[in-house]
Each structure stands twice: as structure tokens, then as C-alpha cells.
Amino acid sequence: MKSILKKIYIALIILFLYAPIGTLIILSFNESKTRAKWGGFTFKWYISLFQNEEILRALFNTLLIAFASSLTATVIGTVACIAMMAMKRRTKSILMGITNIPMLNADIVTGISLMLLYISLGIRFGMGTILLSHITFNIPYVILSVMPRVRQLNISTYEAALDLGASHITAFFKVMFPDLLPGILSGFLMAFTMSLDDFIITHFTKGVGVDTLSTKIYTEIKKGIKPEMYALSALIFITVLTLLVLINLSPTDKNKTDKSRAKAE
Amino acid sequence: MKKYRIHHTKQIIITLALLSAVTFCGCSSTDKGINGQVIVYNWGEYIDPETIRMFEEETGIKVIYDEFETNESMYPKVESGAVAYDIACPSDYMISRMIQNGMLSELDYSKMPNVKKNIGAQYFDQSKGFDPDNKYSIPYCWGTVGILYNKTMVDEPITRWEQLWDEKYADNILMQDSVRDAFMVAEKLNGFSMNTLDPDELAIAKNSLIEQKPLIQAYVVDQVRDKMIGGEAAIGVIYSGEAIYTQRENSNLVYVIPEEGTNVWIDSWVILKNAPNKENAEKFIDFMCREDIALLNFEYITYSTPNEAARELIEEEDIKNSEIAFPDLSQYDNLETYVYLGEEGDSLYNELWKEVKAY
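Sequence order for the protein chains is A and B. Residue 1 is where the first sequence starts when you use the numbering used here, and the numbers rise one by one after that. Residue 266 is where the second sequence starts when you use the numbering used here, and the numbers rise one by one after that.
Since the hints were derived computationally from the structure, they do not count as laboratory data. Some hints could be false.
What the hints assert, rightly or not - Which chain A residues face chain B? A few, computed with CB under 7 Å, are given here:
hint, residue
1, E31
2, T34
3, A36
4, K92
5, F125
6, G209
7, Y218
8, T219
9, I221
10, K222
11, G224
Just so we're clear, the structure is a prediction, and the values are computed from it rather than from any experiment. Backbone N, C-alpha and C fix where the C-beta goes; we use that ideal spot for every residue, glycine too.
Sequences are here, hints too, so could you generate the full structure?
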């Protein structure tokens with residue numbers, strides 16, 4: 001009895017989480033443009049999606065901005081964490097407080113204040129301003145996920161490397177970096193998804209004719225969102241799902257092989 | 266330990282300098298056509314992209330095209346001056362607000378011969394509600410707000426707003442979830458102007474809306490379209506531009522302009538006060554008023570075009586003579602356009618609307 005209830009509970013959670021996405025994927029194959037009518041099965045929205053230059057350009061912009069901004073933010077954030085390591089406790093906690101504020105701040109406040117800043121500095125609005133803004137709001141997320149790793153770092157190993165004749169840069173990349181890598185990677189991924197998701201900040205800081213997927217979809221509100229967008233969202237969802245499955249499969253495989261190797265020894 | 270810190274500071278500074286150099290390089294990209302550029306700010310999905318390509322090819326002017334989703338989100342972006350737009354395409358009441366705030370530049374019709382030649386005079390007359398001397402705006406798309414009903418779900422033809430208060434249709438009525446459109450219905454029902462600021466009239470309109478509330482299935486915006494096609498409601502308040510599309514999907518749907526009168530909305534081209542490329546902007550608007558271009562746009566957007574010459578070119582007879590797409594405005598004497606009510610007026614309406622929604 002208990003186990004049946006457990007299963008129902010899990011099923012309900014999954015239903016609530018995935019029913020909307022499921023609906024979207026089904027609608028992306030709907031011949032009719034309206035959700036109210038099933039016009040038959042078709043791939044035509046997928047075909048017209050790949051012929052629609054504007055959507056593809058928006059997709060390209062989105063991915064480019066997400067990639068460039070999260071990469072830059074990862075570098076800056078990691079460097080900041082290492083710098084903070086050598087600081088006094090007081091300064092460190094003050095700095096951590098400062099980097100945490102933008103995360104708690106409402107997006108709309110960040111967006112408008114960035115827009116005003118750019119206007120007063122006379123910076124031309126375009127891809128560059130979106131990129132700068134995304135780097136800005138991504139840095140705290142990187143710091144948040146790298147910082148715990150930095151705390152666990154054993155500085156003696158780094159100093160040992162120096163004593164053994166390694167240069168600072170070699171010592172950093174050979175000794176410190178591998179220890180930090182998991183934190184850096186998860187920081188990068190978090191920054192990437194944050195950038196992919198963002199609408200409000202992009203809306204306020206984008207220049208003319210530059211659109212990301214989120215701003216593009218939003219402009220379609222007046223005339224109704226086109227089914228091409230369903231198709232694109234379905235593709236993105238499936239890509240992310242495959243990636244997640246791959247990522248989650250590989251470590252267990254590695255553990256298994258490690259274990260079997262240990263047994264053999 | 267000290268040495269170690271200094272080295273890191275150096276590295277950090279170098280990295281930061283490199284990064285900022287990389288990011289700022291990406292900022293300055295100015296691509297211009299051989300004859301300069303024009304920056305256009307229009308509704309999303311409100312133009313056939315092909316026409317922009319044709320314009321660029323014919324004139325050598327590069328079009329930088331940007332889109333907005335509501336009048337309210339367009340206004341602050343234009344006002345902030347973050348980008349110096351040349352042309353925008355706001356709706357009636359927003360145009361009157363922009364005129365009042367001195368944000369628009371006067372038009373020179375002599376440079377745009379297609380405008381007076383092709384755009385019907387009645388649309389300029391209708392525009393006088395928000396642009397009294399037709400000095401600032403040129404109609405691009407227009408339509409009415411009316412009732413869409415499913416003839417299999419009602420007993421008699423629907424012809425009046427009054428019938429939205431009929432208890433027979435309880436839970437079968439869809440109202441627009443926007444202040445001005447909802448109040449417009451109630452004001453017209455009571456015979457008032459849709460731009461009234463008279464507190465007594467507004468109180469009566471508010472009470473009508475409250476009285477109607479139990480009969481409403483939902484206050485919605487663009488779901489009216491899908492819900493009516495799916496037969497989920499019998500009667501809905503809808504924009505005429507959507508009506509033709511919904512009828513194609515479900516032939517039981519009928520669109521009417523209510524006898525008490527209704528709102529005529531017009532989205533018009535305007536040139537902004539500080540437009541950096543004014544001459545190119547005039548060329549762009551003139552090009553969009555050319556009959557073949559207006560026809561392409563009409564077919565793409567499917568909202569009524571004020572371009573009479575383009576209407577003549579429509580091949581499908583039933584669309585060309587459609588009462589929905591092209592109602593004869595002279596038949597009605599109670600059609601109005603929205604006017605900007607000022608900040609106080611806006612907040613008064615919003616306050617009353619909140620009372621209705623919270624009731």
C-alpha cells in the first residue's frame with residue numbers, strides 16, 4: 001500500500017513537471033496553427049524553423065551570448081575567488097556580501113540600472129551591452145559555486161610545487177586548477193543557463209535589431225506565438241535532456257571501472 | 266606568502282585588462298548601406314520581412330529593424346534615448362501621448378507621394394481623434410473591437426453589447442483582460458464616450474462591469490482566439506484582425522460590430538522628433554504605402570489595411586469585400602478611437618479596474 005502511494009506521488013510530481021513540456025512537444029507536430037484543433041501530424045514547423053532566418057539568428061545570438069558571457073564570468077569569478085582566499089576574514093566576508101547582493105536583487109532593477117549606466121556613459125547599445133550585462137549578473141553565480149572549492153584547497157601543495165621549481169603559472173595549472181575544476185565547471189553551467197534564461201535584463205540592455213530567443217518570443221505576443229517556436233523549444237529540451245543523460249551516465253561508468261580495477265589489483 | 270600575493274595581483278590585472286579589451290571591441294559595429302540607414306521600431310510580427318529586403322534592394326538604405334510587444338514597453342525605450350529610432354508604429358492613444366510630450370516630428374507629405382494617393386481619406390478622418398491635424402501619423406493597420414460568437418451555441422444573433430449581460434450566457438462569455446477595452450464595453454453599453462473622465466459615468470460603467478462579472482467565464486487576452494475556435498465559449502470580445510483567422514478555422518463563428526458602437530483602433534507610422542535619418546524615414550514610410558508592398562503586408566499580417574489601392578489588388582473577392590476586414594465606417598456614427606487620458610486619467614481607470622477585478 002505504502003509503495004503504491006509512493007509511486008503515485010512520484011508520478012504526480014513528474015506529471016506536473018513535464019506535462020507542460022509534453023504539451024508543447026505535441027503541439028509542435030500540429031498541422032493547425034491553433035492549439036484548439038488537431039489538424040494532423042506534420043513536420044512543417046520544423047522545416048520552416050530552419051528556413052526562418054530571424055529565429056535562427058536569435059538562437060545564434062542567444063548561444064553566443066550565453067557561451068561568451070559564462071566563459072568570461074567563469075574566468076573573472078574564479079580569479080576573484082583565488083584572490084579572496086588570500087584576504088583577511090573580514091574583507092573576505094564583506095566582499096562575499098557585495099557579490100551576493102546582485103543575485104538577490106530583482107532582475108528588473110539590475111536591468112534598468114544597467115541601461116541607465118550605459119546611457120550615462122554613452123555606450124552604444126548592441127550585442128556588446130547585452131554581453132557586458134550578462135557577464136555582470138553571471139559573476140556572482142560563478143563565485144558562489146567556486147568559493148567552497150577554494151576553501152577546501154590545501155595551499156601547502158601549491159607551495160610545495162613552487163619549492164620544487166615550478167613557476168607560478170605551472171603550479172597554478174598543475175596543482176590548484178584540477179582541484180577547483182568541478183566547482184568551475186558547475187559555475188560555468190549555472191552561468192550558462194542563467195544567461196540562456198534571462199529576459200528582463202536583456203530587454204533593457206539590448207540594442208536595435210539584436211534579439212535573443214527570449215526577447216524574440218516576447219515580441220510575438222500581439223500576433224500569437226508561432227508554432228516554429230514550439231518546435232525550437234522541443235529541440236532545445238531534447239538536446240538538454242540528452243546532455244543530462246550523458247553527463248549522469250558517465251560518472252557511474254567510471255566508478256564501476258575504478259571499482260573493478262581495484263578488485264583486479 | 267607576500268610574494269605569492271603580488272604575483273597573483275599582477276595576473277588578475279592582466280586578465281581583467283584583456284577581458285575588457287575583448288568585450289569592448291565587440292561593441293562598435295556600424296553597418297550602413299550605401300545610402301545610409303533607417304532605424305524602425307515596430308510591433309512583433311507586424312511586417313512581411315520580404316518587404317524590408319525589397320526596400321533595401323531598391324533604395325540601398327540599410328534597415329535596422331527592432332520590435333516591441335506593447336505600447337507601454339515601447340514608450341520608455343523611445344523616451345530613454347538609449348537608441349535613436351527614426352520610425353515607430355504606436356497605437357492611437359499612445360500617439361496622442363507622444364504628441365503631447367513633443368516626441369514626434371511633423372510630416373512632410375510632399376516627400377511621400379504614395380501616402381495621400383493610396384491611403385483612404387476616411388482613415389485620416391478617424392485619426393483626427395488622436396492627431397487633430399493629421400500632422401504626425403500615417404495609418405498602417407486598423408481594425409475594430411467587436412463580438413465573436415458561435416452560432417451553434419446561442420439562440421439568437423448577437424448584435425449588441427447588452428447581450429453580454431444576458432444571464433442565459435452565464436459562464437460562456439470571454440471578456441478582454443485590459444482596462445481600456447473592458448471599460449469601453451461598459452461605457453458604450455451605457456451610451457458614454459470611451460474616453461470619458463466624468464466620475465459619475467465611470468462609476469456607472471464600473472458597476473456594470475461588476476454586475477457582469479458573475480457571468481464571465483474568463484478575462485483573457487489572446488486566448489479568446491483559441492478558446493473560440495475550440496468551442497470553449499459562446500461569446501467573446503475580440504479584435505477584428507483575429508476574426509477572419511478564427512472563422513477560417515471554425516466556420517460557425519460570426520463577428521459583429523455591436524450596435525451601441527465600438528472602438529476603432531489604428532496603428533500608425535510616426536517619425537520621431539530627433540530622428541537621425543529623417544529623409545530615409547520618409548522614403549521608408551512612402552515605400553510601405555506603395556500598393557504592392559501594402560498588399561504583401563496585408564497578406565502577411567491579415568489586419569485590415571487603410572491602403573485602398575492595395576485593397577483593390579486583393580484577389581480573393583470574399584476578403585476584398587469582407588464586412589469584417591473592411592467595414593464601411595460611414596455607416597456608423599458611434600465609433601471612437603482611444604485618446605491618451607493623461608497620467609491622472611490612466612491611474613483613475615486602473616484604480617477602478619482593480620476594484621472590478623477584486624470584487
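Was the hint right that I221 (chain A) lines chain B, CB cutoff 7 Å?
holds, 5 Å
Should the hint that Y218 (chain A) touches chain B count as held when the rule is a Cβ pair under 7 Å?
holds, 5 Å
Proposed interface contact between G209 (chain A) and chain B, which counts if any beta carbon pair is under 7 Å:
Because about 5 Å separates G209 (chain A) from the closest Cβ in chain B, which is inside the 7 Å limit, the hint holds.
Can the hint on T219 (chain A) be confirmed by a CB-to-CB distance to chain B that is less than 7 Å?
Constraint on T219 (chain A) satisfied, holds at 3 Å.
Holds or violated: the hint that K222 (chain A) contacts chain B, with Cβ atoms closer than 7 Å.
holds, 5 Å
Chain B contact restraint on F125 (chain A) - CB to CB distance below 7 Å
holds, 5 Å
Checking hints one by one. Is T34 (chain A) an interface residue toward chain B, by the C-beta closer than 7 Å rule?
OK, holds: T34 (chain A) within 7 Å of chain B, min 5 Å.
Was the hint right that E31 (chain A) lines chain B, CB cutoff 7 Å?
Violated: closest Cβ of chain B sits about 12 Å from E31 (chain A), beyond 7 Å.
Status of the hint placing K92 (chain A) at chain B (closest C-beta pair under 7 Å):
Not OK, violated: K92 (chain A) not within 7 Å of chain B, min 14 Å.
Close enough to count: is the Cβ of G224 (chain A) nearer than 7 Å to one in chain B?
holds, 6 Å
Interface restraint verdict for A36 (chain A) against chain B (beta-carbon cut-off 7 Å)
holds, 3 Å
In this structure, the earlier hints numbered 1 and 4 are contradicted, and the remaining ones agree with it.
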